[in-house]
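A.B. asks: Per our numbering, the very first residue in the sequence shown carries number 231; after that it's consecutive.
By construction, these hints were calculated from the structure, which means they are not laboratory data.
Where is the CB? At the ideal position from N, CA and C, for every residue including glycine.
There may be inaccurate statements among the hints.
[What the hints assert, rightly or not] Computed spacing ranges between beta-carbons, pair by pair:
| id | residue 1 | residue 2 | range |
| --- | --- | --- | --- |
| 1 | E266 | K243 | 48 to 54 Å |
| 2 | L274 | K243 | 45 to 51 Å |
| 3 | A234 | N255 | 29 to 35 Å |
| 4 | T288 | R267 | 25 to 31 Å |
| 5 | Q273 | E239 | 46 to 52 Å |
| 6 | E266 | V237 | 39 to 45 Å |
| 7 | Q264 | M285 | 28 to 34 Å |
| 8 | E294 | Q264 | 28 to 34 Å |
| 9 | C272 | A245 | 37 to 43 Å |
| 10 | K243 | V263 | 28 to 34 Å |
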Amino acid sequence: MIDADRVIELEIKSAYQEDLLQELNTVVAKQQVQIERLEATCQLLHERIKSLQNMGFTVAAEPEIPPHY
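Work the whole structure out from these sequences, hints included.
C.D. replies: Below you can see the structure in the form of structure tokens.
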């Protein structure tokens, strides 16, 4: 009977681990989609900055210090 209890306990642990693994896979998949969106946004912003520079606009290397300092 003790061996049967151990097998049942191991099966329960295995089921919980499978569920957790599925949840983690879902989270990783969502994060990958978010990363791809962020990369696309960064690429778009980079292209916009380049086009503005080509039109004669300059990009400040450091933020300006407010006059009250």
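A.B. asks: Hint by hint, note whether the structure agrees.
C.D. replies: Here's how the hints hold up against the structure:
Taking 48 to 54 Å as the suggested C-beta distance range, the pair E266 and K243 does not conform, at roughly 35 Å. About 47 Å separates the C-beta atoms of L274 and K243, a value consistent with the hinted range of 45 to 51 Å. For A234 and N255, the Cβ-Cβ distance of about 32 Å falls inside the hinted range of 29 to 35 Å, so the restraint holds. At about 29 Å, the CB distance of T288 to R267 agrees with the hint of 25 to 31 Å.
Separation of Q273 from E239 is about 51 Å and conforms to the stated range, judged on CB atoms against 46 to 52 Å. As the Cβ distance of E266 to V237 is approximately 43 Å, the hint placing it in 39 to 45 Å holds. Distance hint check for Q264 and M285: the Cβ-Cβ separation is about 32 Å, which falls inside the suggested range of 28 to 34 Å. At roughly 33 Å, the beta-carbon separation of E294 and Q264 lies within the given 28 to 34 Å, and the hint holds.
In this structure the supplied range 37 to 43 Å holds for C272 paired with A245, their Cβ-Cβ distance being about 41 Å. One distance hint, 28 to 34 Å for the beta-carbon pair K243 and V263, holds here, with the actual separation near 31 Å.
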